[in-house]
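Going down the list, the sequences are from chains A and B.
So for the first sequence, numbering that gives the first Met the number 0 puts the first residue at 0; every next one is plus one.
So for the second sequence, numbering that gives the first Met the number 0 puts the first residue at 0; every next one is plus one.
Bear in mind the hints are in silico, worked out from the structure with no lab data behind them.
Every value quoted in this text rests on a predicted model; they were computed, and no experiment measured them.
A couple of the hints might just be wrong.
Identical copies go unnamed one by one, so any copy, or any two together, can satisfy a pair.
[What the hints assert, rightly or not] For lysine-lysine, the following DSSO-like pairs were computed, each having C-alpha atoms within a straight-line distance of at most 30 Å:
| no. | residue 1 | residue 2 |
| --- | --- | --- |
| 1 | Lys217 | Lys335 |
| 2 | Lys150 | Lys335 |
| 3 | Lys214 | Lys335 |
| 4 | Lys81 | Lys335 |
| 5 | Lys339 | Lys81 |
| 6 | Lys51 | Lys150 |
| 7 | Lys217 | Lys339 |
| 8 | Lys81 | Lys217 |
Number of protein chains: 2
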Amino acid sequence: MQRIKRELFGPGPTNVPESILQALSQPTIGHLDPEFLRIMDETGERLRQCFKTRNALTFVLSAPGSIGMEASFVNLLERGDKIVVCVNGVFGGRMRDICERTGAEVIVVENEWGTPVDTNALQETLQNHGDAVAVAFVHAETSTGVRSDAKSIARIARNHDCLVIADCVTSLAGVELLVDEWQLDVVYSGSQKCLSCVPGLAPITFSARAVEHIKRRKSPVQSWFCDISLLMSYYESGEKTRAYHHTAPVNSLYAMNEALRLVVEESLEARWSRHAEAANHLYSRLESAGLEMIVEPEHRLAPLTLVRIPDGVDDTAIRGMLLQDRNIELGGGLGKFAGKAWRIGLMGQNATLERADFVADALITGLQ
Amino acid sequence: MQRIKRELFGPGPTNVPESILQALSQPTIGHLDPEFLRIMDETGERLRQCFKTRNALTFVLSAPGSIGMEASFVNLLERGDKIVVCVNGVFGGRMRDICERTGAEVIVVENEWGTPVDTNALQETLQNHGDAVAVAFVHAETSTGVRSDAKSIARIARNHDCLVIADCVTSLAGVELLVDEWQLDVVYSGSQKCLSCVPGLAPITFSARAVEHIKRRKSPVQSWFCDISLLMSYYESGEKTRAYHHTAPVNSLYAMNEALRLVVEESLEARWSRHAEAANHLYSRLESAGLEMIVEPEHRLAPLTLVRIPDGVDDTAIRGMLLQDRNIELGGGLGKFAGKAWRIGLMGQNATLERADFVADALITGLQ
Numbered sequence: 000m001q002r003i004k005r006e007l008f009g010p011g012p013t014n015v016p017e018s019i020l021q022a023l024s025q026p027t028i029g030h031l032d033p034e035f036l037r038i039m040d041e042t043g044e045r046l047r048q049c050f051k052t053r054n055a056l057t058f059v060l061s062a063p064g065s066i067g068m069e070a071s072f073v074n075l076l077e078r079g080d081k082i083v084v085c086v087n088g089v090f091g092g093r094m095r096d097i098c099e100r101t102g103a104e105v106i107v108v109e110n111e112w113g114t115p116v117d118t119n120a121l122q123e124t125l126q127n128h129g130d131a132v133a134v135a136f137v138h139a140e141t142s143t144g145v146r147s148d149a150k151s152i153a154r155i156a157r158n159h160d161c162l163v164i165a166d167c168v169t170s171l172a173g174v175e176l177l178v179d180e181w182q183l184d185v186v187y188s189g190s191q192k193c194l195s196c197v198p199g200l201a202p203i204t205f206s207a208r209a210v211e212h213i214k215r216r217k218s219p220v221q222s223w224f225c226d227i228s229l230l231m232s233y234y235e236s237g238e239k240t241r242a243y244h245h246t247a248p249v250n251s252l253y254a255m256n257e258a259l260r261l262v263v264e265e266s267l268e269a270r271w272s273r274h275a276e277a278a279n280h281l282y283s284r285l286e287s288a289g290l291e292m293i294v295e296p297e298h299r300l301a302p303l304t305l306v307r308i309p310d311g312v313d314d315t316a317i318r319g320m321l322l323q324d325r326n327i328e329l330g331g332g333l334g335k336f337a338g339k340a341w342r343i344g345l346m347g348q349n350a351t352l353e354r355a356d357f358v359a360d361a362l363i364t365g366l367q
Numbered sequence: 000m001q002r003i004k005r006e007l008f009g010p011g012p013t014n015v016p017e018s019i020l021q022a023l024s025q026p027t028i029g030h031l032d033p034e035f036l037r038i039m040d041e042t043g044e045r046l047r048q049c050f051k052t053r054n055a056l057t058f059v060l061s062a063p064g065s066i067g068m069e070a071s072f073v074n075l076l077e078r079g080d081k082i083v084v085c086v087n088g089v090f091g092g093r094m095r096d097i098c099e100r101t102g103a104e105v106i107v108v109e110n111e112w113g114t115p116v117d118t119n120a121l122q123e124t125l126q127n128h129g130d131a132v133a134v135a136f137v138h139a140e141t142s143t144g145v146r147s148d149a150k151s152i153a154r155i156a157r158n159h160d161c162l163v164i165a166d167c168v169t170s171l172a173g174v175e176l177l178v179d180e181w182q183l184d185v186v187y188s189g190s191q192k193c194l195s196c197v198p199g200l201a202p203i204t205f206s207a208r209a210v211e212h213i214k215r216r217k218s219p220v221q222s223w224f225c226d227i228s229l230l231m232s233y234y235e236s237g238e239k240t241r242a243y244h245h246t247a248p249v250n251s252l253y254a255m256n257e258a259l260r261l262v263v264e265e266s267l268e269a270r271w272s273r274h275a276e277a278a279n280h281l282y283s284r285l286e287s288a289g290l291e292m293i294v295e296p297e298h299r300l301a302p303l304t305l306v307r308i309p310d311g312v313d314d315t316a317i318r319g320m321l322l323q324d325r326n327i328e329l330g331g332g333l334g335k336f337a338g339k340a341w342r343i344g345l346m347g348q349n350a351t352l353e354r355a356d357f358v359a360d361a362l363i364t365g366l367q
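Same shape as in the complex, but just chain A:
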């Protein structure tokens, strides 16, 4: 059966290259098949290149990006631990929610939506909470289109001897991300953003420091599915036998293997530039048509742009018309920006000048 085809300019999923869809539909093999284990090792190695890390524990979780978030916190935190969570949008808020469910004490650094994490406020908070074990933040807030200064946040956190957890769902392979150089301890992402893969997988990496911290836990991890001590025995290669944990989503991992191959082939740096150029082109096209960006230029997130909905324009009517008539998906606003902004993604395959023109033309024409 042929399904409908859309032009995906929302917050993800983005359009998926043909070679990835082909990889996806290869015949299924067993999750303990030596050939599959080889592909998993290869995938891990490619993922290390994309994260710019040498972390041994670098793999792809068998569930969407939000399980990456959950796995980070349930492994690192124990009841009563103190964590500082920087919130500047929906996904920072979700971090807080998940942390609270671990029984941790959550100290929140609140930031205005549409602005990056305030590093001075973080610094002050850590001075008052010297016993915090970790700092968490969202590198690329998909709800606001803001990029925060991961390098500075991590430096401050480490000066206070905190582990650093970074949500890089919309930054991996789209904007600069240097896991080892910036000394990030737990970093997770999603498959359906700048990797241009199908949705449903969460690439993740843990530093040796994070693994040591987890090994010192006194209580069991509250999630069996996310328990890294169990997952390690399946994902870590080496001479020992791989232990069965759960049945890996073999076909989706074929797709991820191909998606990562495409990134490595292009080179990360070229991909970051491509995303930046496409976004800059989009800003100028939309601004020329009188539209206004929500985020200040220096804090914009290239893969995802928030555009203010002009006064008197009906949000859902415009998005509905683009979807119905042109098969174009734009993202609606989320949380505080619902009804106030559109979210336009130029991610992965769609991060080109041509695709920026395509969506800008459609939106500008639609508004006339």
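Following the hints, complete the assembly by docking chain B onto the known chain A.
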């Protein structure tokens, strides 16, 4: 790139029909696209038919079967609740592990591996633990190839006013399963067994009684990803707006939609018969060759057969040879049966007389 093709006669994944792989590789669309929401509703309706239920809350979790297990327990249980878990293999043991991580008090009914749940022992246990809130058991133990008497277990549990949680990972669409008639409250499965779909998804259904129980919770569900109160707002159709929770694995759900369509087209009853006939044929072929089944005839699980490894035969050598020379995957023993039994799956597409002959011929020849 062409990946290797295997003949999958292990404990799952099984071989995936071409039409499901084609559905899988259709162009990705957005998880909030009205067309995708329509497909999700259709999928839910087909799933109700396969579970033989009218439960409103019937949907496909965005992760492997083991998240179905975790979602069942973390939603139903609160710290200090008492639950009776029937253990007769690896997956019952995993239930216990997950329950303990919720802080519940876990009462275990231990059964010998290779035998079904002892309903008399369950009855006695419940007489001593009248305050238990739930009974959990594995309908089809994938580690031992045993089918337990779900109908009787559920009747006993309900006589003691307990909710009933059933792991039906290897029974859904392979052997008789009547969720409403047997009054099972939470039932989950996996995509890669008798549905013959790609691995990575967990069909699940909650009775109204289970939903009411969850609504009376005093504490938040410890897992954000598995929190049914959040998931309901995305999965339940109706006039209200669908709320974004996580990005659904769109392509895998296309595949699941097609897998369920194939089941409905064939009819559940025909599919159950087909699995039974294929299994019976396998038993007689293997027994004619002098091989011995582990499980007594009346408790055998048609989709998965445990065959005793004859004395002096090298388990890994035989399985390695079949894989290398014939591209045939058999399952190794799990837990107490490691090195002692093979697990031969005849699931979904592979549950036919021809495929039973194919794998029997290969094994018998391999042993000569």
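Hints, verified against the model:
| no. | hint | result |
| --- | --- | --- |
| 1 | Lys217 to Lys335 | between (39 Å within a copy, 29 Å between copies) |
| 2 | Lys150 to Lys335 | within (27 Å within a copy, 50 Å between copies) |
| 3 | Lys214 to Lys335 | between (39 Å within a copy, 27 Å between copies) |
| 4 | Lys81 to Lys335 | within (28 Å within a copy, 42 Å between copies) |
| 5 | Lys339 to Lys81 | neither (35 Å within a copy, 48 Å between copies) |
| 6 | Lys51 to Lys150 | within (14 Å within a copy, 54 Å between copies) |
| 7 | Lys217 to Lys339 | neither (46 Å within a copy, 36 Å between copies) |
| 8 | Lys81 to Lys217 | both (15 Å within a copy, 24 Å between copies) |
Violated hints for the displayed structure, listed by number in ascending order: 5 and 7.
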